[in-house]
Amino acid sequence: MSNSNLPNYLEYKGKYKGLLGWIFSTDHKRIGLLYLYSVMTFFIVGALLGLLMKFELIAPGKTIMEAKSYNAIFTLHGITMIFLIVIPGIPAILGNFFLPIMIGAKDVFYPKLNLISWWLYILGAVVALSSQFMHGASPDTGWTFYAPYSFRTQSNVLPALIGAFILGFSSILTGINFIVTMHRLRAPGMKWLKMPLFPWSLYGTAWIQVLATPIIGITLLMVVAERVLNIGFFDPALGGDPVLYQHLFWIYSHPAVYIMILPSMGVISEVIPTFARKEIFGYNAVVISTLLIAFVGYFVWGHHMFTAGMSETSLFAFSFLTFLVAIPSAIKTFNWLATLYKGSIILKTPMYWAVSFLFIFMIGGLSGMVLGSLAANVHLHDTAFVVAHFHFIVFGGVGFGFFAGIHYWFPKIFGRMYDASWADTGWLIFFIGFLTLYAPMFYLGITGMPRRYYDYVPEFHPANIISSFGAFIMIAGLAIIIINLIRSAKKGPKAEESPWGGKTLEWTVSSPPIVENFEEIPEIK
Amino acid sequence: MVETKKHKIVSYKTYGIILIALIILTFISVFVTRIDLSNLSIVVALSIAGIKSLLVFSFFMHLLYDKKMYSLMVAGVLLVMTLVLIVTFLDYSYL
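Protein sequence lines correspond, in order, to chains A and B. With the numbering used here as the guide, the letters of the first sequence map in order to residues 7 to 531. With the numbering used here as the guide, the letters of the second sequence map in order to residues 20 to 114.
No lab work stands behind these hints, which were simulated from the structure alone. There could be a bad hint or two in this list.
Subject to a maximum C-alpha distance of 27 Å in a straight line, what follows is the list of computed DSSO-like cross-link-like pairs (lysine-lysine) [what the hints assert, rightly or not]:
id, chain 1, residue 1, chain 2, residue 2
1, A, K19, A, K496
2, A, K200, B, K87
3, A, K200, A, K531
4, B, K86, A, K118
5, B, K86, A, K197
6, B, K71, A, K112
Now the in silico label distances, taken between C-beta atoms and shown as ranges [unchecked claim]:
id, chain 1, residue 1, chain 2, residue 2, range
7, A, F475, B, A64, 57 to 63 Å
8, A, L244, B, F46, 39 to 45 Å
9, B, F108, A, A426, 53 to 59 Å
10, A, L297, B, V62, 28 to 34 Å
11, A, E285, B, N58, 52 to 58 Å
12, B, G69, A, E502, 56 to 62 Å
13, A, L353, B, L91, 53 to 59 Å
Here are a few chain A residues that sit away from chain B, every Cβ distance over 12 Å (derived from the structure) [said to hold, decoys possible]:
id, residue
14, Y22
15, G27
16, W149
17, L217
18, L254
19, K284
20, Y289
21, N341
22, K496
Every value quoted in this text rests on a predicted model; they were computed, and no experiment measured them. Where is the CB? At the ideal position from N, CA and C, for every residue including glycine.
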């Protein structure tokens, strides 16, 4: 089914030429790459901001910045990483590129809406980041914009709030597009339970994007109204309730963690069977667990608020549900392990990322159970332990899944292979750096170091030194990975149709794919 | 898997009746605020709003004439939102 005699999407000359041919293209593959370039640009900025924080924390007291600058930097790091990188991340980049191909479609159902989503993403990013360049101080609320501080601080919170609001629309439109695409454009014969697991993960994610994102949108607007019009939604002095803000914020922001992690799990569900030379163990169980995570994940948000002042009934309910949501995640993990069992395992770069994902994700998940238990949470709330858990899940889970995916599908996207030895070296350095950076934070949290402080008592110094060095190692690994990929996209040897022996539809089309993916829509038997 | 199916054309008369029903319900929701229903006032207000939404979903958004699958999807969404509301307000006493 090779289509190599037709122009591929990279060479295709449409209505516009050059850059315009990209930023006005409605081809899902070009839009996927637009997201790739924009997200990676923001990612480098976010990573460097994180590095600055680790520089500051390498020694007690002021090292390179004042407390206020530290507050502004962790806020910008959080807003950038969450709203601009991990939430759009895998669905917008790999999902856009591969969803239509994997279900045998020529494009998403609404190509123009898809392009609008990217434009809204850029607009939201510009508005959010403009807060750094306006007159007045940079936002210092943290990415959570907690009330009442978010409407009392004199910093530029408004553009950040409005930017996040716009970014929400981008997310919703992508979600709607993916749901409709999967309902309407599956190739003939591709029944729901024949659909690959990556599209399934995008399906679960899309529902969360559509259902949960409006809640954060309206909540952020309520904070704007509170700041500008002095309406008392959350201010106790005006009859409002700050705990209500936390509820509304986390009703979105906890499911948002599943917007981040579910697609990553989908990538892992594609990579492991390919490199274990086996079909996924328990396909139906993985599909059901995806939908269960998406559903149960809606009802666990209160575990972010155990110390905020809730009734015992709520505390019990949220803790119980938190433990419950771990079950479908564990089902997936056991299925991946069972797929590896007696498989003919080939260790290539994507597989290194996938296997290390399992390791990191299990640490992240199990530390989440520690935080989900009420008694432990009182001790660990707002400590470095939470930061460690969060980064193991969000950076470890999403980051390792993303890099697994980009190394897996790179030959298909660019039609070229990357240098495997540099890619493996980058992975190893990144992996060592990641563990050195975040593992000490578990210890720091248990011993009582609070998060979001630029200073600490001398007892915390040794572990902070290790952690900061871990950041330097990790950034070195990241630089190797990114440089290798950029270089290989231009100069790598040409890739064949299916360099890894993958069985899903994207491996039946040419590398890179033609404009509309297939000459004829494939029929699935 | 794109299927082509003729859309049902709903008559102007039906739309007109629904519009009038929505306006009447809006007046009712304003009117009930004058009656002291104590703690039940929120329940009544939300119930009237719920009926209005149902009319809009069914007629203006054509759910009544479309595949049952879409009604199920909307029902699923409403179920999630209802549960989220209930859980949020566990700690807030209105009744």
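Status of the hints after comparison with the structure:
{"no.": "1", "hint": "K19/A to K496/A", "result": "holds, 19 Å"}
{"no.": "2", "hint": "K200/A to K87/B", "result": "holds, 23 Å"}
{"no.": "3", "hint": "K200/A to K531/A", "result": "holds, 10 Å"}
{"no.": "4", "hint": "K86/B to K118/A", "result": "holds, 26 Å"}
{"no.": "5", "hint": "K86/B to K197/A", "result": "holds, 18 Å"}
{"no.": "6", "hint": "K71/B to K112/A", "result": "violated, 39 Å"}
{"no.": "7", "hint": "F475/A to A64/B: 57 to 63 Å", "result": "holds, 59 Å"}
{"no.": "8", "hint": "L244/A to F46/B: 39 to 45 Å", "result": "violated, 31 Å"}
{"no.": "9", "hint": "F108/B to A426/A: 53 to 59 Å", "result": "holds, 55 Å"}
{"no.": "10", "hint": "L297/A to V62/B: 28 to 34 Å", "result": "holds, 32 Å"}
{"no.": "11", "hint": "E285/A to N58/B: 52 to 58 Å", "result": "holds, 57 Å"}
{"no.": "12", "hint": "G69/B to E502/A: 56 to 62 Å", "result": "holds, 58 Å"}
{"no.": "13", "hint": "L353/A to L91/B: 53 to 59 Å", "result": "violated, 45 Å"}
{"no.": "14", "hint": "Y22", "result": "holds, 28 Å"}
{"no.": "15", "hint": "G27", "result": "holds, 28 Å"}
{"no.": "16", "hint": "W149", "result": "holds, 21 Å"}
{"no.": "17", "hint": "L217", "result": "violated, 6 Å"}
{"no.": "18", "hint": "L254", "result": "violated, 8 Å"}
{"no.": "19", "hint": "K284", "result": "holds, 29 Å"}
{"no.": "20", "hint": "Y289", "result": "holds, 20 Å"}
{"no.": "21", "hint": "N341", "result": "holds, 25 Å"}
{"no.": "22", "hint": "K496", "result": "holds, 38 Å"}
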